[in-house]
Amino acid sequence: MKKSENLGILPQDVLRTLDSQTIQKIITQAVIASRVYKALTFEEVEGLKKEQEDLQTYVEALNVSLAIETRMRDASHSLIRLHESNTNIEAVKASTGQLHATTRKVDQIVQKTQQAMERMLVIQRLLLQHESAVLNAGMRRLDGVNRELSRTVQELETARDQEKEEKLKWKKEHSQLRIQSMIFPNPPGIEDYPSLMANYVQLYDASGAAETPAGGQKSTVAVQHTPQSGNPTLPTPLQQLEEQHDARLATLEDYMKELNEEISKKDERISELESHLRMIKVWTEEFAGALKSRFGSDGIERSTEQPCEVSSLTSLKLQKQLAQLQVRIEEGFRALEASVHELKAKAEEAEIAKNKALEFAATTLANTTVVTGQLDLAGSSSNSSLGDSE
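To convert a position in the sequence shown, counted from 1, into the numbering used here, add 1037.
No lab work stands behind these hints: they were computed from the structure.
No experiment lies behind these values; they were computed from the predicted model shown.
The beta-carbon is built from N, C-alpha and C at its ideal position, and this holds for glycine as well.
Warning: the hint list may mix true and false statements.
[Unchecked claim] Within a straight-line C-alpha distance of at most 30 Å, the following computed DSBU-like cross-link-like pairs (lysine-lysine) qualify:
1. Lys1062 to Lys1357
2. Lys1357 to Lys1209
3. Lys1318 to Lys1381
4. Lys1208 to Lys1075
5. Lys1062 to Lys1209
6. Lys1206 to Lys1062
7. Lys1204 to Lys1062
8. Lys1062 to Lys1075
9. Lys1149 to Lys1294
10. Lys1075 to Lys1204
[Stated by the list, open to error] What follows is a set of in silico ranges between Cβ atoms, one per label pair, in the way DEER data are often shown:
11. Lys1357 to Met1316: 19 to 27 Å
12. His1137 to Ile1069: 33 to 41 Å
13. Met1154 to His1114: 23 to 31 Å
14. Gly1045 to Thr1140: 13 to 21 Å
15. Phe1324 to Arg1162: 28 to 36 Å
16. Leu1047 to Trp1320: 18 to 26 Å
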């Protein structure tokens, strides 16, 4: 197992060594502990790093001076011991003064080194707190991105459910349209109208016989049944048939109008969803590129500094969530394309049904016009025959 200065575990070994609960626990503790730290500006960080480098150079120079002064102090000790054996008082005084001077210099160098080391520790602590604060902010940002991705996925799932509901509703409406088109009977041909004409003549003769008194004189009431144009009125069944055809045609036109409006709304909704999905797909591709440029293939951040356990674990989770989101987005695109194709097919079927209904109405009106003309001719011939009999 790799160790960092014989203490702790390297970030790349954390995921393989610790269990998920322990990792989650230490991440939570690190996030909570780093809340009180402050993030520095870029200029402040660069200034602290420059000062740290200068202090490092200064400490190295002090260490060299300390070594020189220490040797001079040791030499002064040796001279004092040498002159004491020779009982040379002046030399002993000079060596003692030199010893005191070198000792003071050594003390000053040690004091300056201690002050520089303390300042270096302060700078190192500030930089570590800055890195912890930045990682805390990055963790919060990644959590926000994660929530946004979750919300986007939920919206996509909701949209997919709505599309399923609309699909079921559309199938139901399509079935209703088929049933409604089936209730229209086939228009009667011209060969079916002689029987209607015979029935009309019988009804007209019966009404004329009922209106003629026993003495052979025509009742004046019969004149009231003839309109000013001289043509008899249409029978009640034919009028009802025309009214039924008109009502059915009006109902079908209203239904087709509603159907076209609903198709337009669905097309607008599908276009809106497609634009949203394209924006989300572009954003996810950019986010994936940013993650790949920042993290390695194994989810470890490429940096010369000591990596953070929070960033490595979060990067792995985000990569998995990003892959899942991309799969769901692709599924959503495929479902939308299938829905669009199905809606277009149903719109074409509805248009075909509308055309058939219009053809049916046109055929019915044409046949009704022919029958009306023939009935008018039959009525005129009946009136002439009744006039001759009188």
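Hints, one by one, checked against the model:
1. Restraint check for Lys1062 and Lys1357: satisfied, since their Cα atoms lie roughly 21 Å apart, inside the 30 Å limit.
2. Note on Lys1357 and Lys1209: the hinted pairing is violated, with a Cα-Cα distance of about 40 Å set against a maximum of 30 Å.
3. Taking the CA atoms of Lys1318 and Lys1381, the gap is near 25 Å; set against the 30 Å cutoff, the hint holds.
4. Of the supplied pair hints, the one linking Lys1208 and Lys1075 is violated, its CA atoms being roughly 60 Å apart against a limit of 30 Å.
5. With a C-alpha separation of about 53 Å, the suggested pairing of Lys1062 with Lys1209 is violated against the 30 Å cut-off.
6. Among the hinted pairs, Lys1206 with Lys1062 is inconsistent with the structure: their alpha-carbon atoms are about 49 Å apart, more than 30 Å.
7. Proposed proximity of Lys1204 and Lys1062 is contradicted: the alpha carbons are some 46 Å apart, above 30 Å.
8. At roughly 23 Å between alpha-carbon atoms, Lys1062 and Lys1075 fall within 30 Å of each other, so this suggested pair holds.
9. Annotation: proposed proximity of Lys1149 to Lys1294 is violated, straight-line Cα distance about 92 Å (limit 30 Å).
10. At roughly 54 Å between alpha-carbon atoms, Lys1075 and Lys1204 are farther apart than 30 Å, so this suggested pair is violated.
11. At about 22 Å, the beta-carbon gap between Lys1357 and Met1316 stays in the expected band of 19 to 27 Å.
12. At about 55 Å, the CB distance of His1137 to Ile1069 disagrees with the hint of 33 to 41 Å.
13. Look at Met1154 against His1114: about 27 Å separates their beta carbons, and that is inside 23 to 31 Å.
14. With their beta carbons about 41 Å apart, Gly1045 and Thr1140 fall outside the hinted range of 13 to 21 Å.
15. In this structure, Phe1324 and Arg1162 meet the distance hint of 28 to 36 Å, their C-beta atoms being roughly 34 Å apart.
16. In this structure the supplied range 18 to 26 Å is violated for Leu1047 paired with Trp1320, their Cβ-Cβ distance being about 33 Å.
Violated hints for the displayed structure, listed by number in ascending order: 2, 4, 5, 6, 7, 9, 10, 12, 14 and 16.
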